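K.L.:
The chain contents come next:
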Amino acid sequence: MMLKALLTSATVAVTLIATGAQAQEELKIGVLVTLSGAGATWGNAMKGAAEMAAEDINKEGGLEVAGKKYKIRLISYDDQFKSSEAITAMNRLISEDKVKIIMGPMGSAPAVALAPITSQAKVITMTMAFTPKAMNAETPYAFRPVLPTGIFAKPQADWVVKKLGVTKIAGLFPNDETGQAIFKDNEVAYEAVGAKFVAKEVFERERTDFTPLLIRIMATDAEAIELDGNSPQTAGLIVRQARELGWTKPIIRTGGDATADILSVAGKEFAEGVYVHQPLNLEIPETKALVDRWKATYKTEINGFTPFFYVNMHMLFEGMKQAGTVEDTDKIMEATLALKDFPSVLGPVNWTGQELWGRNQQLIAPFYVGQIRNGQSETIATCDIVTCK
Amino acid sequence: MTGTLIAQSLVNGVVLGMTYVLVAIGFTLIFGIMRMVNFAHGEFYMLGAFVTFFAFAHYQIPFIVSLGIAAVLIGALGMLIERVIFRPFRGNELNGMIAALGLAIIIQNVALIAWGADPRPVPSVVTGILKLGPLIFPWSRLYVIAAAAVIVALFYIVITYTSLGRAMRAVAQDTEIALVQGIRAERIYPFAFGLSVALAALAGGLMGPVFGVSPAVGLAPMLKAFIVVIIGGLGSVSGALLGGLLLGIVESFASTFLGATVSDFLLLGLVMAILIFRPWGLMGVKEA
Amino acid sequence: MSQTQTPDMPAASHAPAPTEQRAIWLRFAVVACLVATFPFITSSQYYLHVAILVLINSTFAMSLSVIARTGQLSLCHAGFASVGGYISALGAMHLGIPPVFGVVIGGVVAGLVALPLGWIILKLRGVYFVLVTFTFGQMLTLLAIDAQSITEGANGIVGVPPIRLFGYAFTDRISYFYLAGAFAALVFLFSWRLLNAPAGRNFTCVEENLQLAESTGIDTRKTQVVAFVVGSAIAGMGGAMMTHYIRYISPDSFTFWTSVAFITMMVVGGRWALAGPFIGALIITPLPEILRATGGLQHIIYGAILILVLQFLPDGVASIGQRLRAFRKGGRP
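Residue numbers (the numbering used here), protein chains in the order written: chain B, 1 to 389; chain X, 390 to 677; chain S, 678 to 1010.
Bear in mind the hints are in silico, worked out from the structure with no lab data behind them. Treat the hints loosely; a few may be bogus.
[Stated by the list, open to error] 25 Å max Cα-Cα, derived DSS-like pairs, lysine-lysine:
id, chain 1, residue 1, chain 2, residue 2
1, B, K389, B, K163
2, X, K520, B, K299
3, B, K168, B, K196
4, X, K520, B, K268
5, B, K196, B, K163
6, B, K340, B, K288
Since this is a predicted model, take the numbers as computed values, not measurements.
Given these sequences and hints, build the entire structure.
P.N.:
Below you can see the structure in the form of structure tokens.
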């Protein structure tokens, strides 16, 4: 505890020196995501989104709310993809750092475990969790900037069946919260359009050898392989091993951006022709600019989710301006949710979700079906909640 | 159709088995000689995969040479770590084991900070498939079998015909008798540790093109090495060979015919059964 | 390197004289009073939360050291915590068992699972025991993930009810702090009495010299089984306490790495001193908090501390006092 106190005072001292004499207000925003282990890919995507949004504001001298200018400062904690760690870190953000807005929690388990705490403390969160328990009638302060698989499974399955003419699907799903939930979503979506899973293989997350499972699948009359719900790396491994075994029929990745990893793990040759979920349309110049900015700043490929969190962050900033407060989260929520056709790097975006989850706190933007061609995903269809064209 | 499945499962099982053998031989060697359970063994596999990757993909060094570089570098690192970290824990199995857990945490997170969590693309060493009637074998996997067999053979030669190898075997059998023969166990330990982690590094380098490279790749092979040494007998090199192949084949068949989840349970159950009925393993020696 | 041969090392290697017993009671009372004042010093929800974790973690480390006293290292301690947590949570949610009984039942079930396992595997020595407990822990995690119809799979169980006592629900941090404190105190007193009882003294004999213990007529296997079952049962209760506090449990709540954390606490605190596990929990639990801002570095520092303590303080932080005393006396530390 003493060390903590020392560290805190040291941080305060440094901050005081850094901000200097100009008595500028500071707005603290928490980042609670996974920064170590396999989940770090997404954690960094969310953290980077917060950093870029904060940079935008700070570059202009701060966020002007009710006559005051606020510099944005981010406080980032790693939850190690564990709910217990996430709870501890969240307590710290809320009661020590006095943060009102948090980028995170990232995973489904932490999001579910934290929902009662953040709702009670009236803290605004932005989650990546796909489970319906993460954003529903009981979570008045939870935003979800990215669409859960349940949503895009339907239009995309419809497109797959109509365009590719396949009805017998084989699926490989990890035996974890994501895999278990996404299989159900996919099953419903495919059955609704007259297709069905003729093979379903479930495996533990650590598995890297998929040959036996693929051999099983190839022994059935499956016409396509569905890779939704797998981590991007795993999806890449499966693509590679399936192609090595001579699988030439379609491979479909319905949900979640995995194109970069499929390309890097499977390699350009093996990845050729894979159908992917494509969250971004690089033909929109603003989207392209953000993608390039990421690459220049972080020296890696942008994660498809990043722009959504970035946009949600900016919508919250706009909400604060309009509400005239950075403290009263009820007013901020109200003002932010009132935004319509908000001009963003993704094009105009809106809120949805009332019918499905009882709350209009789901960010909605068009999404795309792409096909990997020559090392790149090319847009071949544009989708909304109902259909892909 | 079933015949095809059996043949494919067999080849795949041997591929898996050979990597398990490479990882497990080193693991069991350290235990046999130093009485130490190296919980960080999988991390050396991961480091080996990274070194091979950088040498092969970035510096365009031929794959075989890259593997050699990985083995030498990681082997040297292993000798250093043995000297600095593990020496004080001689004769204290429990503390040595806990220290190895600490080391595993350190190595994994250093790798994470240095190289990031994202997997790296490793270019294929060989491509294409071998078609034998209805059977399909990717060359990339057959290559692993061949390379692993060569490495195991080399290891066998070292351990059987060199004076260092003979000394190692003597120490493994009985430290005191070895001492009587003028072999100082102290001198042998760093070499044994270095050799052992170099084998893990080779396995990592070899599997990089098949399974990809990221800081998290070490965990799974280490779990498998545990199982292999339990099956084969802790400290027994021939046990590691037999256990590794057996595990690979059983796993491959169980996954193909029963599914992945059942297979995982089956393997853990097999391990428990062996521990209960034959705790010294198939090839191990019963301890007093 | 093993300190067990050093004559004036702490410990339970000899029966404490009555004066020594009184000294322990006194120290226990002082520590208990100090702990009890904590909520008066700070009202920060965050510090209280960390303090609760320290208290519950100390019971895990304590029970692990009960097993370690017989010379065995369990790598599925977190697995038993998870058994207790799931049993208590599910019992409360589906069968309406009050959590206060659920905690005890969770402990009993964990002990019952440990009994046959211990009986079978405790004839294995040292390393083999470690490998089996490791494998068994993995199986428990797999089971929690795969038994979806019961455990709700990887999603975990949300909305676990709080512990209630005489109509009072322990939902706020201050009340739970005292509840966890009472639990930790009970575990401490129980472990202390157990280790001091004739049966408990056998523990240490078994640790020190298996053959000697056997030749003096101690049933080593029985002693080890008792320690394993009792230690695992306490872990089960601790797991239930944690679950009713966090109000959520999933297969990720108690994994192999959680077991490693418990081992770290025990080792850093000191295995041979009674207060060791508590000291270990007090140091290791807040450590990630202090280091959290350093990102990935925190794990590296964590690992380094573990190795350094093992190298330079093999009997843990609790042995510093002894070492100083020995040093002052002019003896070799």
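K.L.:
Need the status of pair K168(B), K196(B): alpha-carbon distance at most 25 Å?
P.N.:
Holds, at about 6 Å.
K.L.:
Is the Cα-Cα distance between K340(B) and K288(B) 25 Å or less?
P.N.:
23 Å, holds
K.L.:
Could you grab the alpha-carbon distance between K389(B) and K163(B) and see if it respects the 25 Å cut-off?
P.N.:
10 Å, holds
K.L.:
Measure nothing beyond the straight line between the CA atoms of K520(X) and K268(B); if it is 25 Å or shorter, mark the hint as holding.
P.N.:
23 Å, holds
K.L.:
Quick one, are K196(B) and K163(B) close enough, alpha carbons at most 25 Å?
P.N.:
Measuring from Cα to Cα gives roughly 16 Å; hence the hint holds.
K.L.:
Within 25 Å, alpha carbon to alpha carbon, are K520(X) and K299(B)?
P.N.:
At roughly 41 Å apart (the allowed maximum being 25 Å), K299(B) and K520(X) break the hint.
Checked against the numbered hints above, the structure violates only hint 2.
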